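> Protein chains in written order, with this note's numbering: chain V, 189 to 706; chain C, 159 to 292.
If you are wondering where the hints come from, they were derived from the structure by calculation, not from laboratory data. Predicted model only: the values in this text are computed from it and were never measured. Each residue gets a CB set at the ideal place from its N, CA and C atoms; glycine is no exception. Errors might be hidden in some of the hints.
What the hints assert, rightly or not - Partial pick of chain V residues on the chain C-facing surface, computed with a CB cut under 7 angstroms:
id : residue
1  : Phe-319
2  : Pro-343
3  : Val-346
4  : Leu-364
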Amino acid sequence: MLTAALLPLLLIGLAFALPAISLVVRNPRFFRIYAVTASLLALAMALDVAVGVYRTGVTYYLFGGFRPPLGIVYTIDKLGAVLGLLSIFILAMSTIYSTWMVRSRWEYLYYTALLALGAGSVGCLYTGDVFNFFVMLEVLSISAYVLVAFYRDNPRAVEASIRYSMVGMVATSFYLLSAFVIYGSFGTLNMADVALKARSPLAQIQYSGGVFGNVILSSALAIALSMWTFTFKAAIFPNHFWLPDANPEAPTPISALFVAVIDLIGAYGAIRYLYTIFGTGSVIEYLRSDIMLVLHVLGALSALVGALLLVVQTDVKKFIAYSTISHMGLAFMAFTLGTERGVVAAIVQLVSNSLSEALLFYSAGIAIVASGRAVEGLSTLRRYRLASVAFVVGLLNLFGVVPLFIGFWSKVLIFIAMVEVGYIASALVLVVSTGISGLGYVRLIRYLTRPSGSVREDGRLRDLRVPYVVISVVLLALVLLGALFIYLPEFRALLEVVGTEVLDYGKYVEAVLGGTFK
Amino acid sequence: MSDYFSLMFTVVLLSLVVNIGIALYGIFIKPSLVKKFIALTIFSDSINSFAIALGFRRVTGSYPGVAVLSDVPRGVEELRHFSTASVDPLPQALVLTAIVIGLAVYMFLTGLIMLYYRHYGTTRVDAARGGSRE
Chain V
189 MLTAALLPLL LIGLAFALPA ISLVVRNPRF FRIYAVTASL LALAMALDVA
239 VGVYRTGVTY YLFGGFRPPL GIVYTIDKLG AVLGLLSIFI LAMSTIYSTW
289 MVRSRWEYLY YTALLALGAG SVGCLYTGDV FNFFVMLEVL SISAYVLVAF
339 YRDNPRAVEA SIRYSMVGMV ATSFYLLSAF VIYGSFGTLN MADVALKARS
389 PLAQIQYSGG VFGNVILSSA LAIALSMWTF TFKAAIFPNH FWLPDANPEA
439 PTPISALFVA VIDLIGAYGA IRYLYTIFGT GSVIEYLRSD IMLVLHVLGA
489 LSALVGALLL VVQTDVKKFI AYSTISHMGL AFMAFTLGTE RGVVAAIVQL
539 VSNSLSEALL FYSAGIAIVA SGRAVEGLST LRRYRLASVA FVVGLLNLFG
589 VVPLFIGFWS KVLIFIAMVE VGYIASALVL VVSTGISGLG YVRLIRYLTR
639 PSGSVREDGR LRDLRVPYVV ISVVLLALVL LGALFIYLPE FRALLEVVGT
689 EVLDYGKYVE AVLGGTFK
Chain C
159 MSDYFSLMFT VVLLSLVVNI GIALYGIFIK PSLVKKFIAL TIFSDSINSF
209 AIALGFRRVT GSYPGVAVLS DVPRGVEELR HFSTASVDPL PQALVLTAIV
259 IGLAVYMFLT GLIMLYYRHY GTTRVDAARG GSRE
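Using the sequences and the hints given, assemble the complete structure.
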């Protein structure tokens, strides 16, 4: 499918054309329109890819026409398509929001990094190549480092970016090492080919001797190394420290993007590795349940740690960052159950979490412009009714006790999935972390009801049409998702198909390699 | 000759692993950002050298060949010899990509460390938290 291949390339191309264009055009309005057009175009393409994948099943695109396992191949299954649509949707919303929020001399560089961030994210989701995943991961990471340090006059932003990029570089290098280990052991970098060779001894070739000759040992090594990267990207407990540092220092539209674009990749990578590549029936199947259990416990810890720490935050952006850690922990707990229902619950959780965190950042952004990042400043939202409504809806969705919103249903799905496999303690962790974080959410809602303080003089506050449009679109998406989930069994079926396909690795392998053996 | 060679190869691989360990120590423990940065470059260079070692083919009696077929192979036997006796070029291509990507991050990090120095007047990480922990 050509659109899938074009999407990341188009975003990258348009992004890196910007610095060149800036030599000729100086008007910031041009850059804003350019970036918004590019991101909306990307959204249309991501939608096209998702519809196409739902119609025809797993699709692929061969770069340069090389037959797999030679050459780089893009393989898009429903998981990648759905998450790609989500991440590009939030990217487009953030780009539109940025045209209101970000005022800087370096605006063209900001949009360059923003579009590259989207390209890296969607490239990670679409690629079917272990090494190409690394390249896209680096595109994503470098743009994220740049965007965190965008307010370079702020020492805290510089410090946060240094910390983030140093540890991030180590994390992605671990992924690179795991890609080398996979290559050394299986002699291929194509995900479908590795998935096939990890399962069928007939397909395996003795590629190299020594440590790599032992397929089981090197698969376990590759999993261990790459899981470090994925838990880092997804901000799961021992590797969560960067998110509350880096996320709040980034410009607000970027903070809104972090969940949908960066943390999402961590969860996606873990699902791809643990289900498609080294899933059931693979050489390390007997280790896989232990790995899943470790990740499950880490997810539980980060759900609790995130919930406990968010209660005491006095900075809105830090508050939302800790909430992200808690919710990503829940998503990890869900898909490490190893069942179809668990995977579906994790995906619904990711979608619900990405949308509501973005909604929180977009509406809090107005309060941040009006009075700063302290939670007390939220009271200024009383002047902006739509923003305050959106903020409350976002919080309630994350809290997940109102059955109107998708956040409630994602937690219900996780709960059912846990009880189904008999993980009662995990279900308890879910309830307890929801309860603890609920304290924080209610506290934030109480700040909204306080009498509004004074508002800064800021030209941006005079015209709020742009943020209002963004907020209403995301709000509508969130409410609509909840309504569709409740009233349309077909919509639920659409989501369940994603889980079925994740567990059925055969389709993924066949779609890519099927043509080769005909 | 062959024993000596394989011993040296193992020594190189092991030293790369030790190198990775030392570099990780440097990244996480050293207080100076510049030293952290140097440790980071050592870390990724070790990983890259590791990948190069991965593509190496040990050929008894001679040096491994180049992965280029300059003549049309005369038969299956020659092709088989070619595939076992020449160095795998793919890890080198991968490493090339990784080095280029690494360069971008290093350039960016150097810039950031310079900015940090301008803000705080030092490159020690504890400067930002007020006071040093000597």
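> Now tell me if each hint is right for this structure.
Consistency of the hints with the structure:
A least Cβ separation of about 6 angstroms between Phe-319 of chain V and chain C falls short of the 7 angstroms threshold, and the interface hint therefore holds. For Pro-343 of chain V, the suggested interface contact is upheld, since its CB lies about 4 angstroms from the closest CB of chain C, less than 7 angstroms. Because the beta carbon of Val-346 of chain V sits about 5 angstroms from the nearest beta carbon in chain C, less than 7 angstroms, this interface hint is met. Look at Leu-364 of chain V: its Cβ gets to within about 6 angstroms of chain C, closer than 7 angstroms, so that hint holds up.
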